[in-house]
Amino acid sequence: MIRPIATTREMTGMPTGRLAVWWLIASEIVIFGGVLGSYLMHRIGHKEWAAASAHTNTWAGAFNTLVLLTSSLSAVLAHNAALRKDGKRAAKLLWFTILGGGIFLVVKSIEWTGEIKAGYTITANNFWSFYYTAAGLHGLHVIAGMIVMMFVAADAAKGKELQRVENAGLYWHFVDLVWIFLFPLLYIAK
Amino acid sequence: MSDTAHAPASTDAAHGHDAHAHPDSFYIRIWGILLVMLVISVAGPELAHRVVSNETVAFVIVLFTAFGIAIVKAYMVVKNFMHIGVEKKYVGYLLIAMLVLMGLMIGGVGPDVLRHEGHRWVNQAAKDYKLPGDTGHHGDAHGEAKH
Numbered sequence: 055m056i057r058p059i060a061t062t063r064e065m066t067g068m069p070t071g072r073l074a075v076w077w078l079i080a081s082e083i084v085i086f087g088g089v090l091g092s093y094l095m096h097r098i099g100h101k102e103w104a105a106a107s108a109h110t111n112t113w114a115g116a117f118n119t120l121v122l123l124t125s126s127l128s129a130v131l132a133h134n135a136a137l138r139k140d141g142k143r144a145a146k147l148l149w150f151t152i153l154g155g156g157i158f159l160v161v162k163s164i165e166w167t168g169e170i171k172a173g174y175t176i177t178a179n180n181f182w183s184f185y186y187t188a189a190g191l192h193g194l195h196v197i198a199g200m201i202v203m204m205f206v207a208a209d210a211a212k213g214k215e216l217q218r219v220e221n222a223g224l225y226w227h228f229v230d231l232v233w234i235f236l237f238p239l240l241y242i243a244k
Numbered sequence: 395m396s397d398t399a400h401a402p403a404s405t406d407a408a409h410g411h412d413a414h415a416h417p418d419s420f421y422i423r424i425w426g427i428l429l430v431m432l433v434i435s436v437a438g439p440e441l442a443h444r445v446v447s448n449e450t451v452a453f454v455i456v457l458f459t460a461f462g463i464a465i466v467k468a469y470m471v472v473k474n475f476m477h478i479g480v481e482k483k484y485v486g487y488l489l490i491a492m493l494v495l496m497g498l499m500i501g502g503v504g505p506d507v508l509r510h511e512g513h514r515w516v517n518q519a520a521k522d523y524k525l526p527g528d529t530g531h532h533g534d535a536h537g538e539a540k541h
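Quick mapping for you: the protein sequence lines, in order, are chains U and R.
If you use the working numbering, the first sequence corresponds to residues 55 to 244, in order.
If you use the working numbering, the second sequence corresponds to residues 395 to 541, in order.
Listed next, with one range per pair, are the computed distances between beta-carbon atoms:
(1) U/R138 <-> R/N448: 47 to 55 Å
(2) R/G512 <-> U/M65: 48 to 56 Å
(3) R/H416 <-> U/G67: 18 to 26 Å
(4) U/E102 <-> R/F458: 20 to 28 Å
Hints are computed from structural coordinates only; laboratory data are not their basis.
Each residue gets a CB set at the ideal place from its N, CA and C atoms; glycine is no exception.
Model the full structure from these sequences, guided by the hints.
Next up, the structure:
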């Protein structure tokens, strides 16, 4: 049987596919670290930003944190199922994770619609520019994770390429991690 | 170079990386702890703003309950969900190196962003700037530095 090198080669002591995900996460740390670090510096340097940040919806942010933490749980449970070679359960749990991503995006859309209608657009001021850039970039990563997991779940349901369940999960946990820091920065520090 | 390789069909799902296997109940317990911390991270700052009159005390409460707990939550996710503890050591070094790069960026840019004047320069636009938060006007906190 012919299988991709990312699945089979382990020259570095771990499957190349998993190593690639860690490299991806490392590069994402620099991207999100740059955005969050810049936000933090400007927030501390400009006390007037507190007035703008008072308009973000803490409860929507908290609910989305709950959703992402729960989707991370289902991702790690899917990994556990894959370790037991239970592809069907892994696939079900991955679909539950995708559902979590979907709920997150719906809540975000409702939230953004209200904010934009109230005049808090991306060009309103620098706080809102940061807000939409950081949360939007994170949202794109949520969408990417959902798409990847759809493919992984489809294979897992047939008992194929179960090692990919862990790789997709690692990425999803990182997306969750970014939100864990975005939430207090954008919604709580007022 | 070919991008495929021959391998037995029975390749393990985790390639021997199952030393971190826990029962499902373990992960549900971790999730429960994360939810409790989420409640504290929302309730702490809310109470600090509403109940505590001393600004410094309120700031410290927000710092610990919001940001302190965020760090603990992140640690728990990395340790228990991403299993960094049983991963190859160089993965940890790789991630730490990225955090150091982030710190270097903040350290290098911070003095310019956090201050509006220095030994021989003044960023007058930033000093004069007032955020047009509720008006929806355009604004830019950073003008040209004047020497």
